[in-house]
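Chemist: Both chains are given apart, each in its own frame, so use the hints to dock them into the complex.
Protein chains in written order, with my numbering: chain A, 1 to 195; chain B, 1001 to 1534.
One should not assume that every hint holds.
What the hints assert, rightly or not - According to the in silico footprint, chain A covers these stretches of chain B (three or more CB under 8 angstroms from chain A):
1. 1011-1017
2. 1045-1053
3. 1084-1095
4. 1509-1516
To be verified - With a straight-line Cα cutoff of 16 angstroms, these simulated EDC-like cross-link-like pairs (lysine to aspartate or glutamate) come out:
5. B:K1397 with A:D86
6. B:K1096 with A:E45
7. B:K1508 with A:E56
8. B:K1123 with B:E1109
9. B:K1441 with B:E1401
10. B:K1463 with B:E1489
11. B:K1007 with B:E1019
12. B:K1508 with A:E58
13. B:K1503 with A:E66
14. B:K1123 with B:D1153
15. B:K1503 with A:E58
16. B:K1123 with B:D1231
17. B:K1372 with B:E1351
18. B:K1325 with B:D1309
19. B:K1051 with B:D1041
20. B:K1052 with B:D1101
21. B:K1096 with B:E1109
22. B:K1378 with B:E1390
23. B:K1392 with B:E1376
24. B:K1463 with B:E1495
25. B:K1096 with A:E56
26. B:K1463 with B:E1486
27. B:K1096 with A:E55
28. B:K1137 with B:D1127
Said to hold, decoys possible - Sample of chain B residues at the chain A side, in silico, Cβ under 7 angstroms:
29. I1020
30. V1021
31. V1056
Derived by calculation from the structure, the hints in this document are not laboratory data. Being a predicted model, the structure only gives us computed values, none of them experimental. From the three backbone atoms N, C-alpha and C, an ideal C-beta is built for every residue, glycine too.
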Amino acid sequence: MASRSGGRGHGRGQLTFNMEAVGIGKGDALPPPTLQPSPLFPPLEFRPVPLPSGEEGEYVLALKQELRGAMRQLPYFIRPAVPKRDWRRLPRELKIRVRKLQKERITILLPKRPPKTTEDKEETIQKLETLEKKEEEVTSEEDEEKEEEEEKEEEEEEEYDEEEHEEETDYIMSYFDNGEDFGGDSDDNMDEAIY
Amino acid sequence: MTQAEIKLCSLLLQEHFGEIVEKIGVHLIRTGSQPLRVIADDTGTSLDQVKKALCVLVQHNLVSYQVHKRGVVEYEAQCSRVLRILRYPRYIYTTKTLYSDTGELIVEELLLNGKLTMSAVVKKVADRLTETMEDGKTMDYAEVSNTFVRLVDTHFVQRCPSVPTTENSDPGPPPPAPTLVINEKDMYLVPKLSLIGKGKRRRSSDEDAAGEPKAKRPKHTTDNKEPIPDDGIYWQANLDRFHQHFRDQAIVSAVANRMDQTSSEIVRTMLRMSEITTSSSAPFTQPLSSNEIFRSLPVGYNISKQVLDQYLTLLADDPLEFVGKSGDSGGGMYVINLHKALASLATATLESVVQERFGSRCARIFRLVLQKKHIEQKQVEDFAMIPAKEAKDMLYKMLSENFMSLQEIPKTPDHAPSRTFYLYTVNILSAARMLLHRCYKSIANLIERRQFETKENKRLLEKSQRVEAIIASMQATGAEDAQLQEIEEMITAPERQQLETLKRNVNKLDASEIQVDETIFLLESYIECTMKRQ
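Here chain B stands alone, though its shape is the one from the complex (with noise of 0.2 angstroms):
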């Protein structure tokens, strides 16, 4: 772990879960796996608190732990995972643009929980999703039940590994934690559960649910009592499966920059019908021949079968190699290669990086240097068409910052350095690498730069936020305009001035945020699938 991802874990575990959890959290990054006592002795945290952290990580997923020899049991974090916090509202987003509200509550609320039972699910939802309709109106769990099994068959939502119900075979005393095992069948199978109910607001108590006053109540209470259906079966996020999405978006996304939407649409159907069967770290999907493309194209698509292959030789000739042909059966059979895509977006990343950083004439010796994978540095003046003097300055820019790298061929055992040829070479995955770390670093930067400027206004922040309070209060007294006024004059014009322009800091901090977390997605799945292959 790198000393930025570290900073980058702590400053995410500090906001979201309090200093005491941040403290335990990053020690366990830093040191690997640690039994509870070592814990609490090298942090100097009492051992309550150790406790209560650790059940908090280990309830987000965000820590492991094993029972070793002797019955030790350790724990151990996973940095990676803590980094997917910064992701979570574009996986409610996406949740939201798939399954609308229903489901991004549903993914919302399993974020924000950890691990959660369905039942627990559905009613929380439910209550949610209650409040905001109008009076009058309840959520009814069927209906978020049934988004609930939807998510669960694309596997959005997967189960979390349970605790073995095994017969008591060996009557010795019970393991100091439970080794949790889930079967691949069962991740996805979702109980029969029958969830009546509606839906209850916070506030509403007898008065709103009309024709549900007495009769509930003690229903709701008996429901306490009785045991839940689906105890220990608890659900959590596949972010894989996320990532798989995220993915897809990316390449259908970038053949439509390079071609068009038909083109496009056409990668999408190829996607959407390997979604399942084709396992998320895969170099390319199954072949699929042009007729069941034909076939699965969506709707509203009207084009014949010879504008289809058309599109699919013009996808597999195109020297981004997105698609490929595997086979002449069944009309061709096309594959879409998902480490090349993958390596093609890396590559464009670095390309644009190169170029709002340096200009546009780094950028052409850059792709230069690509496409010719090594060359010398005369060759580059002569290629990129650029001046001599400008070109060498832009390709030590780029050496120096490590875009680049140089690659030594001597001519002579004794390596003499006039008579060695020094070649300009880019290594993607070294640059990728170095561009991830320096994303970590611009994440952690962002997020304490709007943390800074939070606090420096803290005052006036705290200030408008009693105003508020107190006009709202007043509000619902019935309170006269001129009172309102006045109220809202204790917040003077440069002082509203002051807090406008904070508003738009920490918006724009929190947006560039989220922009640099898309980068990462792209580098990270990149590495990823590129150190699977080797």
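Chain A with its partners taken away, still in its complex shape (with noise of 0.2 angstroms):
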């Protein structure tokens, strides 16, 4: 450093070799000094050479861009899975598939479930599961699904559970809540008989 400043305050100007070497003679006019960064494409000073045409260039081009068409078309193109959705925001009765796996659930739900309703459950989600078809389904995704769907079915049933309960005995059960509603609406009609 304290060289540098030495050198900075006698002798300025003086370069380390012999600027003839270089070209530049005394009293020449240096280039002008660069007031911008240089333009993203320089001038060309030369045009191209024009490319080549004929049958031949021209079948390979095409033979080069079915190419490129056709492999896409192929199996061996992988597309990119659908993204995953936010399912706060959504309504729940869109959500066809859980992520979360539920497995402990399963031992508790199975002996209370009614044939006769998981046939329904399992062609709503089915119905529900053809219509949404823009995912394209994984082969080893499907195994996963197959056990989410029963995964989801019980935890359907628990959400349902009221409902189902109710439908064993064919009436809601807030039908049969307070035995007090129903015993003072009858007290009004004592002319009907009770059935």
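Modeler: Written out as structure tokens, the structure reads:
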């Protein structure tokens, strides 16, 4: 640092090599200073040679484009899967597949499941799945799906547990809820027979 | 792997195999060999996706695997093999010139699918050829098989390494990955298959295939149940052989440009005779005697023995040294100097690039420096007969672009610049490397620009595709001309203009890619053979 500032004081403008050897003689004008960054595409001095045309060139060109298109159609072209949606923001009924595994609930709910209602559930689930054909299903994911379907059914069962119990008895639970209402209603109509 | 190469590989993989394969492939190219779990963790993709991508890459010979100690399988990507995807159209076209449409389709199927069994190839090609033939005619499997065997005989198609058939001497658990072996003798051995059948059209079902209605169909279903006779024997395209062919072509056309047609034919004959006897990386071919060459000349050429000898002497004396004389027995033993020929071709490429980029005066200076090996600045002005200022300017321009380099020779031990000789020199190997790197960058730019152009006009392209589909379906159901006219007018005239411009630009960009790939081939061959020599 000291030597540099010292050098700047005296002997300023002297270069370490002979300027004439490089080609800038004494008294020659230096090239103009550069005030802006060089242009993005430097101007072409010489136009490029034309591309080879003719039968061979066109055939190879057509081949190339065809190959590109063909390779997109082959099974080797893997398309990225559709991203997962944020289910908190959408109505619950649109949820087809539940990503969380709820294996612990299976054993508790299985004995309570009547056969008739599960069939309905399976049908609706499958119908909704065919409607939502956007997601391309992978074979391994299909196995996961089947597992998740069962889990989904079980989860739904848990949510609609009340209704199931109610459907068993063919009447809505609230109908028999408070014995007082039932008795109170009938007190007004003593004339009619009570069946 | 330079950044430019990695970028180009990434673009190629993405265009041909999709983004997931691209991500995995580029990761492997960057980081070297890695096991499966590490790849999944590093790239953040799910294990299933990684497995699928690796399957595709291994199928296409872009990634190889190896079992390491403790049973871990590591995958390694071959960057140079990925770059060959650019050359696929050239391989297919070459096969077409040599073996016509059948051969072309065979090689195309092999390249598109990576590896295939012979029966699968024959079936696919026969079906495709039948599609293009007139109604009622079908392609016989036997013809396709014959072409396949011819391709194998000339080594354009080779067998893939296969699972070794070991008798179960070690009753341990099977290894996690098979170690595939290939015997040199077996590489071009075609199994004895009797493939009987004809190609089938896709939509024909029973109507078109006259004479083979119901009798064929049960046979077709039983074919699926029978075990395929050549199960496990897979074939792939032998890219090295194609490269050898391209190199021969380049040498022959160079001789034709420099001398005349006859001498190029002589050189072509010599190369053809040494096709299978010389390995692709040999520095020169086996010596061939003048008598042999005379006997093997193509039938059309009626030149006398003396004329042939004169031509050979001329070729051997040429300063380019494509052909060399190695002895006098048998009327003169001649060899073709393959490495020298490649070096000349690479040098010619460099000269041509300098000429097109900087002008013919620069090219003159470049050739002068090449000739003199080391030359001072003052001497350049004198020898090239160019004014001093221009000469200096051009020298520095070429120096800054790394076509030339400076060699310092100090006069005094303190290396004082005023007392040092500065000599300009051209190091062909490093200049070739620099140019090759620029080529990779150019192709990457071309591909990006093409993708950009296509994306800009995506809406218009989709619209035109829809209109074409509508017109096609209407024509199939028989519509009037007026209706077709109406549909065609859905695309306005300026839109049509835009589409025309787009098509022209995309074609130009594609043709440029093919052209740059030819330069890449020459430079890579030269660099490879020079590195082998050292």
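Chemist: Take the C-alpha atoms of B:K1397 and A:D86, compute the straight-line distance between them, and say whether it is at most 16 angstroms.
Modeler: Since the Cα atoms of B:K1397 and A:D86 sit roughly 59 angstroms apart, the hinted pair is violated (cutoff 16 angstroms).
Chemist: Holds or violated: B:K1392 with B:E1376, Cα cutoff 16 angstroms?
Modeler: 11 angstroms, holds
Chemist: B:K1508 and A:E56: Cα distance at most 16 angstroms?
Modeler: 15 angstroms, holds
Chemist: Taken at face value, is the distance from the CA of A:E45 to the CA of B:K1096 at most 16 angstroms?
Modeler: Violated - the C-alpha atoms of A:E45 and B:K1096 are around 39 angstroms apart, more than 16 angstroms.
Chemist: Holds or violated: B:K1007 and B:E1019, Cα atoms, limit 16 angstroms.
Modeler: 14 angstroms, holds
Chemist: With the threshold set at 16 angstroms, check whether the alpha-carbon distance from B:K1325 to B:D1309 stays at or below it.
Modeler: Status holds; Cα separation ~12 angstroms.
Chemist: Could you check if B:V1021 really has its C-beta closer than 7 angstroms to a C-beta on chain A?
Modeler: At 6 angstroms from the nearest chain A Cβ, B:V1021 passes the 7 angstroms test, so the hint holds.
Chemist: Taken at face value, is the distance from the CA of B:E1390 to the CA of B:K1378 at most 16 angstroms?
Modeler: Cα-Cα ~12 angstroms, so holds.
Chemist: Hint check: B:K1123 vs B:D1153, CA-CA at most 16 angstroms. Holds or violated?
Modeler: 20 angstroms, violated
Chemist: Starting from B:K1096, check that the Cα of B:E1109 is at most 16 angstroms away, please.
Modeler: 13 angstroms, holds
Chemist: Would the pair B:K1441 and B:E1401 pass a check requiring their Cα atoms to be no farther apart than 16 angstroms?
Modeler: 15 angstroms, holds
Chemist: Please check whether B:I1020 passes as an interface residue: C-beta within 7 angstroms of a C-beta belonging to chain A.
Modeler: Since chain A brings a Cβ to about 5 angstroms from B:I1020, closer than 7 angstroms, the hint holds.
Checked against the numbered hints given earlier, this structure breaks hints 5, 6, 14, 20; the rest are met.
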